[in-house]
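Please construct the entire structure, taking both the sequences and the accompanying hints into account.
For the record, the sequence lines run as chains A and B. If you're matching positions, the first sequence starts at 0 in numbering that gives the first Met the number 0 and goes up one per residue. If you're matching positions, the second sequence starts at 0 in numbering that gives the first Met the number 0 and goes up one per residue.
Check each hint, because a few of them may be wrong.
Distance condition first, Cα-Cα at most 20 Å in a straight line; then the derived EDC-like pairs of lysine to aspartate or glutamate [said to hold, decoys possible]:
no. : chain 1 : residue 1 : chain 2 : residue 2
1   : A       : K330      : B       : E293
2   : B       : K76       : A       : D77
3   : B       : K330      : A       : E293
4   : A       : K204      : A       : E132
5   : A       : K76       : B       : D73
Ranges between beta-carbon positions, derived for each pair [stated by the list, open to error]:
no. : chain 1 : residue 1 : chain 2 : residue 2 : range
6   : A       : G207      : B       : Q356      : 40 to 46 Å
7   : B       : A332      : A       : D136      : 50 to 56 Å
8   : B       : E57       : A       : E293      : 55 to 61 Å
9   : A       : D229      : B       : A332      : 34 to 40 Å
10  : A       : Y162      : B       : D342      : 52 to 58 Å
11  : B       : R87       : A       : K330      : 24 to 30 Å
12  : B       : R87       : A       : W110      : 18 to 24 Å
13  : A       : G207      : B       : P258      : 47 to 53 Å
14  : B       : A290      : A       : L324      : 31 to 37 Å
Some residues of chain A that are not near chain B, with every Cβ distance over 12 Å (derived) [claimed, not checked]:
no. : residue
15  : D117
16  : G155
17  : E323
For the record, the hints were derived by calculation from the structure and aren't laboratory data. Note that the coordinates shown come from a computational prediction; the quantities given were computed from them, not determined experimentally. Just so it is clear, CB atoms sit at the ideal spot from N, CA and C, and this is done for glycine as well.
Here is what each chain is made of, one letter per residue.
There are 2 protein chains.
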Amino acid sequence: MKIIILGGDGFCGWATSLHLAARGHDVTIVDNLVRRRADEELGVQSLTPIRELTERLEAWRETGNRPIAFEEMDVAKDYDALEALFRRIGPDAIVHFAEQRAAPYSMKSPWHKRYTVDNNVNATSAVLCAMVEACPDAHLVHLGTMGVYGYGKTKGMMIPEGYIDATLRSGGAEANVEILYPVDPGSIYHMTKTLDQLLFLYYAKNDGLRVTDLHQGIVWGTSTPETELDERLVNRFDYDGDYGTVLNRFLAQAAIGHPLTVHGTGGQTRAFIHIRDTVRCIELAIGSGPARGERVKIMNQMTETHRVRDLAQMISDKTGVPVELMENPRKEAPENELVVANDSLLKLGLDPTKLSQGLLDEVVNVAGRYADRIDTGRIVCSSRWVRPEPVQPPLAAE
Amino acid sequence: MKIIILGGDGFCGWATSLHLAARGHDVTIVDNLVRRRADEELGVQSLTPIRELTERLEAWRETGNRPIAFEEMDVAKDYDALEALFRRIGPDAIVHFAEQRAAPYSMKSPWHKRYTVDNNVNATSAVLCAMVEACPDAHLVHLGTMGVYGYGKTKGMMIPEGYIDATLRSGGAEANVEILYPVDPGSIYHMTKTLDQLLFLYYAKNDGLRVTDLHQGIVWGTSTPETELDERLVNRFDYDGDYGTVLNRFLAQAAIGHPLTVHGTGGQTRAFIHIRDTVRCIELAIGSGPARGERVKIMNQMTETHRVRDLAQMISDKTGVPVELMENPRKEAPENELVVANDSLLKLGLDPTKLSQGLLDEVVNVAGRYADRIDTGRIVCSSRWVRPEPVQPPLAAE
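Following this line, the structure appears as structure tokens:
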């Protein structure tokens with residue numbers, strides 16, 4: 000198959016590109032390399048020493064696998080180039096990772112809030128627009144997030160895969176319908192994925208585009224069989240307060256003997272998936288898309304849930320590093336239940352890598368191996384969900 | 000009150016600005032004058048001879064009413080200026096009309112689709128962001144659309160004001176909740192208003208911003224008591240295929256004796272409101288906003304519903320001009336019911352101007368008076384909802 004990977008230089012995108020190329024697909028990466036510029040902006044770097052994309056692609060070629068092409072392009076801004084690329088390649092599938100994907104980064108400042116909305120919405124808008132013009136039969140596979148559902152709203156109720164059965168009541172009448180799960184995003188970043196959902200809903204309805212939206216949990220793990228083929232193929236491992244997710248923070252802290260910082264009570268329950276399973280899920284999703292005219296297919300891409308404090312304890316048990324509670328920078332419920340339906344991908348053949356199996360490997364072979372590269376001042380989240388200072392009073396008008 | 004009107008040079012914005020200034024409020028218009036440039040792009044002009052904004056504002060000053068200030072600014076792009084303005088004025092209310100508002104315009108081409116998404120989402124994102132920084136106690140009043148609900152989905156069920164009672168069922172459990180009415184937008188333009196809703200939901204929850212979203216029907220009528228004070232204050236009347244709404248199209252056609260072109264069967268039912276009622280609704284909404292931390296207040300801003308073919312017949316009866324059916328350029332149900340709850344604004348004191356009272360005045364004093372300005376080639380909609388030509392096959396890859 001001819002597959003375009005938008006955002007193929009990022010954490011999920013890179014591993015997915017290699018996985019699909021290893022299976023013999025013609026893969027083209029489209030990326031504007033902005034994730035690397037965000038590292039520079041934040042003064043941080045991947046714990047693992049990732050290489051320039053050109054070096055990565057050359058190393059991949061040397062493995063003897065099918066080579067991967069690359070087009071440098073801003074998906075949100077370079078519309079004519081994007082449409083021309085879609086026309087030239089005639090892709091069977093387009094995998095869309097080309098979005099700013101960190102909740103804390105999206106909350107750093109007014110610029111970061113607006114950038115995240117601008118980039119993510121315009122990227123999705125451009126992709127859908129160009130598909131209508133250039134490749135209306137292609138299958139779009141988008142990385143969404145479990146965060147569109149919000150947490151803790153319907154206590155004790157299983158979160159279904161995108162749609163939920165509902166009885167609506169108004170003016171004495173009622174109707175039984177299946178609706179998009181009512182959203183409750185917890186950050187600007189998560190909100191952009193709820194906007195994406197409505198763009199997909201519209202384009203699937205109006206233009207019959209084929210769209211699969213994968214609502215992914217927190218991805219952990221670093222390596223896949225392909226990234227391990229050559230050290231120049233190493234995947235990124237983010238541990239900083241903006242891009243590092245909770246598990247990576249704990250791993251980095253454990254590697255240098257820093258207490259594991261748990262936000263609030265640590266009673267937040269989150270969904271997780273290993274990067275090895277992410278790439279497999281994308282492959283499975285590509286092969287099982289809706290037909291033209293069918294509604295958007297939504298699958299929950301996660302394999303297990305854990306409370307944050309239990310996660311910290313697991314790592315503390317393996318490493319002896321203590322757990323420390325700190326004030327929660329996020330605005331969220333202190334505790335939440337999370338029960339998630341994830342039958343679709345399991346039925347398609349996903350065989351999950353669980354934390355209980357893979358965690359020790361991460362502790363030793365990633366966090367431990369590169370511990371000397373850790374910048375200890377960058378581990379803790381500095382973004383705040385709610386403006387902390389009192390607002391400056393407006394100057395007297397007139 | 001100190002009130003900022005974003006998009007105050009447009010059709011609803013201009014009439015609202017005058018109405019609020021006439022009631023003694025300190026009004027500042029913010030506009031980038033893009034609506035006038037769209038006229039140039041499309042090669043059309045308002046049926047009524049609208050004046051440059053500076054001339055409008057001078058004429059208003061001469062009426063002896065409280066003068067209106069003006070800041071030329073692109074709300075979606077000039078963030079620093081917007082935040083500085085909010086800080087300087089310290090508004091009690093911000094009325095947000097600064098969005099591309101025509102469904103056919105939003106469907107003209109990939110550029111128009113992307114422009115509408117880009118402009119509308121970034122404008123709303125910037126306004127909310129700047130409010131958090133500069134005036135978190137201000138009340139945002141936004142012009143939404145009845146189109147967020149879609150039409151005909153829940154046949155025979157009254158469309159409530161924004162929220163609907165629902166029983167959700169998943170995994171054997173159920174929950175009774177009030178949710179945002181599940182959206183079903185019929186064009187890119189309408190979709191952007193469904194995105195706005197989620198931005199409001201998020202900022203009301205996370206930052207406690209005070210937001211009222213008015214889901215407006217099709218606005219008809221041209222004049223308000225204020226625009227009639229001086230001919231230089233005349234409001235715009237759009238009759239072209241992009242910006243002219245269905246009633247204006249019929250009025251323009253009637254004025255020149257052209258058959259009244261009804262799309263499809265004319266069985267579409269639409270909601271309507273007179274511009275005089277729009278400006279009054281905005282005033283009522285400003286005075287009845289939610290408190291900080293309360294959810295977004297949503298009101299349906301419409302006063303009556305009509306089937307399009309009945310509307311055509313009403314005008315045909317008054318003018319003798321025949322009705323003609325044509326192919327529907329939109330993708331929509333050929334017939335739909337529409338029963339809308341609009342109690343909130345009526346309870347606040349709205350006294351509607353109905354079509355049966357005001358229509359003849361429009362026929363004679365607007366369409367008839369300026370009939371010699373009608374460009375007959377511009378009346379019919381040229382936008383198509385679905386790409387008409389077969390898609391060019393992609394060139395062979397490799």
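Tell me the numbers of any earlier hints that the structure contravenes, in ascending order. Violated hints: 7, 9, 10, 13, 15, 16; rest satisfied.
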